[in-house]
Amino acid sequence: MDKLPPRPVPATTPRKSATFDDYSLSEIRRAAATGLYDIRGGGAKRRVPHFDDLLFLGASISRYPLEGYREKCATNVTLGTRFAKKPIELAIPITIAGMSFGSLSAQAKEALGRGASALGTSTTTGDGGMTQEERGHSNLLVYQLLPSRYGMNPNDLRQADAIEVVVGQGAKPGGGGMLLGQKISARVAEMRTLPEGIDQRSACRHPDWTGPDDLEIKLHELRELTDWEKPIYVKVGASRPYYDTALSVKAGADVVVLDGMQGGTAATQEIFIEHVGIPLLAAIRPAVQALQDLGLHRKVQLVVSGGIRNGADVAKALALGADAVSIGTAALAALGDNDPALEEEYRALGTTAGAYDDWHEGRDPAGITTQDPGLAARLDPVAAGRRLANYLAVLTLEAQTIARACGKSHVLNLEPEDLVALTVEAAAMAQVPLAGTQWIPGKSGF
Amino acid sequence: MSLVDLATTPLRELNAALHQLPPDTNNTQWTIRNPRGQHAIAVGIDAPIAVEIEGHVGYYCAGMNQQASVTIRGNAGVGLAENMMSGEVRVTGDASQAAGATAQGGTLVIGGNASARCGISLKGADIIVQGNVGHMSAFMAQAGNLVVLGDAGEALGDSLYEACLYVRGEVASLGADCIEKAMTEAHRAKLAALLAKAGMNGAVDPGAFRRYGSARRLYHFKVDNVSAY
Numbered sequence: 000m001d002k003l004p005p006r007p008v009p010a011t012t013p014r015k016s017a018t019f020d021d022y023s024l025s026e027i028r029r030a031a032a033t034g035l036y037d038i039r040g041g042g043a044k045r046r047v048p049h050f051d052d053l054l055f056l057g058a059s060i061s062r063y064p065l066e067g068y069r070e071k072c073a074t075n076v077t078l079g080t081r082f083a084k085k086p087i088e089l090a091i092p093i094t095i096a097g098m099s100f101g102s103l104s105a106q107a108k109e110a111l112g113r114g115a116s117a118l119g120t121s122t123t124t125g126d127g128g129m130t131q132e133e134r135g136h137s138n139l140l141v142y143q144l145l146p147s148r149y150g151m152n153p154n155d156l157r158q159a160d161a162i163e164v165v166v167g168q169g170a171k172p173g174g175g176g177m178l179l180g181q182k183i184s185a186r187v188a189e190m191r192t193l194p195e196g197i198d199q200r201s202a203c204r205h206p207d208w209t210g211p212d213d214l215e216i217k218l219h220e221l222r223e224l225t226d227w228e229k230p231i232y233v234k235v236g237a238s239r240p241y242y243d244t245a246l247s248v249k250a251g252a253d254v255v256v257l258d259g260m261q262g263g264t265a266a267t268q269e270i271f272i273e274h275v276g277i278p279l280l281a282a283i284r285p286a287v288q289a290l291q292d293l294g295l296h297r298k299v300q301l302v303v304s305g306g307i308r309n310g311a312d313v314a315k316a317l318a319l320g321a322d323a324v325s326i327g328t329a330a331l332a333a334l335g336d337n338d339p340a341l342e343e344e345y346r347a348l349g350t351t352a353g354a355y356d357d358w359h360e361g362r363d364p365a366g367i368t369t370q371d372p373g374l375a376a377r378l379d380p381v382a383a384g385r386r387l388a389n390y391l392a393v394l395t396l397e398a399q400t401i402a403r404a405c406g407k408s409h410v411l412n413l414e415p416e417d418l419v420a421l422t423v424e425a426a427a428m429a430q431v432p433l434a435g436t437q438w439i440p441g442k443s444g445f
Numbered sequence: 000m001s002l003v004d005l006a007t008t009p010l011r012e013l014n015a016a017l018h019q020l021p022p023d024t025n026n027t028q029w030t031i032r033n034p035r036g037q038h039a040i041a042v043g044i045d046a047p048i049a050v051e052i053e054g055h056v057g058y059y060c061a062g063m064n065q066q067a068s069v070t071i072r073g074n075a076g077v078g079l080a081e082n083m084m085s086g087e088v089r090v091t092g093d094a095s096q097a098a099g100a101t102a103q104g105g106t107l108v109i110g111g112n113a114s115a116r117c118g119i120s121l122k123g124a125d126i127i128v129q130g131n132v133g134h135m136s137a138f139m140a141q142a143g144n145l146v147v148l149g150d151a152g153e154a155l156g157d158s159l160y161e162a163c164l165y166v167r168g169e170v171a172s173l174g175a176d177c178i179e180k181a182m183t184e185a186h187r188a189k190l191a192a193l194l195a196k197a198g199m200n201g202a203v204d205p206g207a208f209r210r211y212g213s214a215r216r217l218y219h220f221k222v223d224n225v226s227a228y
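Protein chains in written order, with numbering that gives the first Met the number 0: chain Z, 0 to 445; chain E, 0 to 228.
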């Protein structure tokens, strides 16, 4: 019998570390080369428990659905019913989150105003003050009072429809902002009283109040200044939602805005975005619980943001107890941000469509996150506003579709009992049962 | 002339009346009695009127003032004249923390001492303090002038942008990126004008002050400056 030829030693398949993956190694090399942390825009990119881990229980024998396209399912919501003489009436429970002129081009701000106004909802200013582009094109405009107070003007407070006191945001609870020199154009510099072209820092703390007792007095000042007309929101990044909501209410807020870690920023350290704060899914129920404990759920409205993409996300946020949602990243995508049609230009920037997040560099080929006049001129504010309006309409229709299937004549009638979770983590965070069980981790035995 | 007694008139009523004044109002003299430390007195005025407050006030007195001249005969709480746009605010006594915070225009004159963070994030107003200022004064101040006839606490002008600081007394320490700068004739003339605006024309020698400003080393992120961030 012939002998078999000697077999080669089998090669071991090269194995990359799950811990030291390609991204981590590239970041180590980048840090070693530069000595600086990575800065980028956007929100958390890592996977975190989110609305995808929840499902609705459609109507069955115990509940009647409403007929799609026939029976009414209302979407209007009123914000600021607690103290303000002039609450805001929104036609849809979806608002545009605060994004600054400076981080965005004037054309992008105008497009946001056009799109939101077409659907009867509000836009929000950002760091750096109010531009006439956004006031002129936003029927409902919320004016942010931020720690930096760049461009803070009492005349703008008076011409706003509501005031949002920003304590924090989901991408960076506890952090201030930054706008790098490339985007400090002459107009931005003038609005912010800064030298042109410098790297601008926005403070992380308000300059004239410290702690919840002071905040109450600050809100009182704003009430007096605007003769108690404007709804006053308090925006917090999701970290301790129960206490932050309770303290905002104690301070006199009409509306609490709660931003999860998926919420975007114009520019912050990557490590901050990915490792500080909690996902929106984990934040809503504690905030609602705080309002319920104070007997003020639906009396002080809760607006949530951070990772809202479609009408199902809207419906799930409302079902968990929010009164409205706010969108930022999704609104920019609707305007044209990260469009694959611009792939060649994204590649020239060393990235790819869908991943572009160097918004602070001001080289956005879509003309949205830039102050470069040539790039900004690429964005047609009328057409982009139309795209945003279309997107908002779809979000609304989708949320209504789900609400009708659950037998609700108003999207605000959705409730936690309409939901189940696909994972134990989501069940615990959203405080709804794991699908097919009665088990809510932390709430009920199994 | 209008006399408002806050012992009997609700604050909301006073502020609403001040906000309703037309730009060409003849009702330009207002006296407010019994402020009793209430917060947000005379906030948001936008009219060329004179308001005299007889007593101590709480937080944010004359906040976001435009055009008006507001005089407080007493002490003031936190955030006096915060984000003032124009006009003049004077307090005869001391001011608490964050006096003149983010003020963009106008003049704030403090007869006594100012506590911590006086002129924080200043954006163009002139602040003249006849006594001392506390720590972290002029933190991140962007534009305008802070004149201190007494001493300045620790970390003066930390992370300063383009505001100008003049101190006659001792400075406990300078904050990050704040340095002493040469006092030229032009600066002495500018300081003399600021002192005159505060009612100290000729009474105080501008030559006795030292000038501080930004070294502008932190205007761009650099790894070499990492210990300062």
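If you are wondering where the hints come from, they were derived from the structure by calculation, not from laboratory data.
Computed from a prediction, not measured in an experiment: that's the story for all the values here.
Among the hints, erroneous ones may be present.
As the list claims (entries may be wrong) - EDC-like cross-link-like pairs, simulated, lysine to aspartate or glutamate; straight-line CA separation at most 20 Å:
(1) Lys221/E with Asp338/Z
(2) Lys221/E with Glu424/Z
(3) Lys44/Z with Glu269/Z
(4) Lys221/E with Asp198/Z
(5) Lys221/E with Asp357/Z
(6) Lys442/Z with Asp338/Z
(7) Lys221/E with Glu26/Z
(8) Lys442/Z with Glu424/Z
(9) Lys44/Z with Glu414/Z
(10) Lys221/E with Glu88/Z
(11) Lys44/Z with Glu70/Z
(12) Lys221/E with Asp292/Z
(13) Lys189/E with Asp204/E
(14) Lys44/Z with Glu66/Z
(15) Lys85/Z with Asp21/Z
(16) Lys84/Z with Asp155/Z
(17) Lys180/E with Glu169/E
(18) Lys84/Z with Glu169/E
(19) Lys85/Z with Asp204/E
(20) Lys71/Z with Asp51/Z
(21) Lys442/Z with Glu414/Z
(22) Lys249/Z with Asp292/Z
(23) Lys15/Z with Asp1/Z
Unchecked claim - FRET-style restraints, in silico, Cβ to Cβ:
(24) Asp23/E with Glu414/Z: 54 to 64 Å
(25) Tyr22/Z with Glu184/E: 35 to 45 Å
(26) Thr8/E with Cys203/Z: 44 to 54 Å
(27) Ala192/E with Leu293/Z: 48 to 58 Å
Said to hold, decoys possible - Which chain E residues stay away from chain Z? Per the calculated CB distances, all over 10 Å, these:
(28) Leu20
(29) Gly92
(30) Asp150
(31) Arg187
Every residue gets a Cβ at the ideal spot worked out from N, C-alpha and C, and that includes glycine.
Going down the list of hints, with the structure as the test:
1. Restraint check for Lys221/E and Asp338/Z: the C-alpha separation of about 33 Å exceeds 20 Å, so the hint is violated.
2. The straight-line distance between the Cα atoms of Lys221/E and Glu424/Z is roughly 41 Å, outside the 20 Å bound, and the hint therefore fails.
3. Between the alpha carbons of Lys44/Z and Glu269/Z the distance comes to roughly 10 Å, so the proposed pair stays at or under 20 Å and holds.
4. Using a Cα cut-off of 20 Å, the hinted pair Lys221/E and Asp198/Z holds, with the two alpha carbons roughly 10 Å apart.
5. The hinted pair formed by Lys221/E and Asp357/Z meets the criterion: a straight-line CA distance of about 18 Å does not exceed 20 Å.
6. For a cut-off of 20 Å, the pair hint linking Lys442/Z to Asp338/Z is broken: about 43 Å separates their Cα positions.
7. With a C-alpha separation of about 18 Å, the suggested pairing of Lys221/E with Glu26/Z holds against the 20 Å cut-off.
8. For the hint pairing Lys442/Z with Glu424/Z, the CA-to-CA distance comes to about 13 Å; that is within 20 Å, so the pair holds.
9. For the proposed pair Lys44/Z and Glu414/Z, the alpha carbon gap of about 28 Å is over 20 Å, so the pair is violated.
10. Between Lys221/E and Glu88/Z, the direct Cα distance comes to roughly 47 Å. Violation of the 20 Å bound is thereby established for this hinted pair.
11. Between Lys44/Z and Glu70/Z, the direct Cα distance comes to roughly 39 Å. Violation of the 20 Å bound is thereby established for this hinted pair.
12. A distance of roughly 48 Å separates the Cα atoms of Lys221/E and Asp292/Z; the hinted pair therefore is violated under the 20 Å criterion.
13. Our distance criterion of 20 Å between C-alpha atoms is met by Lys189/E and Asp204/E, whose separation comes to about 12 Å.
14. Annotation: proposed proximity of Lys44/Z to Glu66/Z is violated, straight-line Cα distance about 38 Å (limit 20 Å).
15. With a CA separation close to 53 Å, the supplied pair Lys85/Z and Asp21/Z exceeds the 20 Å bound.
16. At most 20 Å may separate the alpha-carbon atoms for a hinted pair to count; Lys84/Z and Asp155/Z meet this at roughly 18 Å.
17. A threshold of 20 Å between alpha carbons decides the hint, and for Lys180/E with Glu169/E the separation of about 15 Å falls inside it, so the pair holds.
18. Proposed proximity of Lys84/Z and Glu169/E is contradicted: the alpha carbons are some 50 Å apart, above 20 Å.
19. With a C-alpha separation of about 53 Å, the suggested pair Lys85/Z and Asp204/E falls outside the 20 Å cut-off, and the hint is violated.
20. With a C-alpha separation of about 27 Å, the suggested pairing of Lys71/Z with Asp51/Z is violated against the 20 Å cut-off.
21. Of the supplied pair hints, the one linking Lys442/Z and Glu414/Z holds, its CA atoms being roughly 17 Å apart against a limit of 20 Å.
22. Straight-line distance between C-alpha atoms of Lys249/Z and Asp292/Z comes to about 12 Å, which keeps the hinted pair within the 20 Å bound.
23. For the proposed pair Lys15/Z and Asp1/Z, the alpha carbon gap of about 41 Å is over 20 Å, so the pair is violated.
24. As the Cβ distance of Asp23/E to Glu414/Z is approximately 57 Å, the hint placing it in 54 to 64 Å holds.
25. The hinted window of 35 to 45 Å between Tyr22/Z and Glu184/E is violated, with their beta carbons roughly 59 Å apart.
26. For the hinted restraint 44 to 54 Å between Thr8/E and Cys203/Z, the CB-CB distance of approximately 39 Å leaves it violated.
27. The beta-carbon spacing between Ala192/E and Leu293/Z, approximately 54 Å, falls within the hinted interval of 48 to 58 Å.
28. Once the 10 Å rule is applied to beta carbons, Leu20/E is consistent with being away from chain Z; the minimum gap is 13 Å.
29. At the 10 Å boundary, the C-beta of Gly92/E stays outside the reach of chain Z, the nearest C-beta of that chain being 19 Å off.
30. Distance to chain Z confirms Asp150/E as a non-interface residue, since its nearest Cβ pair spans about 22 Å, more than 10 Å.
31. For Arg187/E, the requirement that its beta carbon stay farther than 10 Å from each beta carbon of chain Z is met, with the minimum near 25 Å.
Hints 1, 2, 6, 9, 10, 11, 12, 14, 15, 18, 19, 20, 23, 25 and 26 from the earlier list are contradicted by this structure; the remaining hints agree with it.
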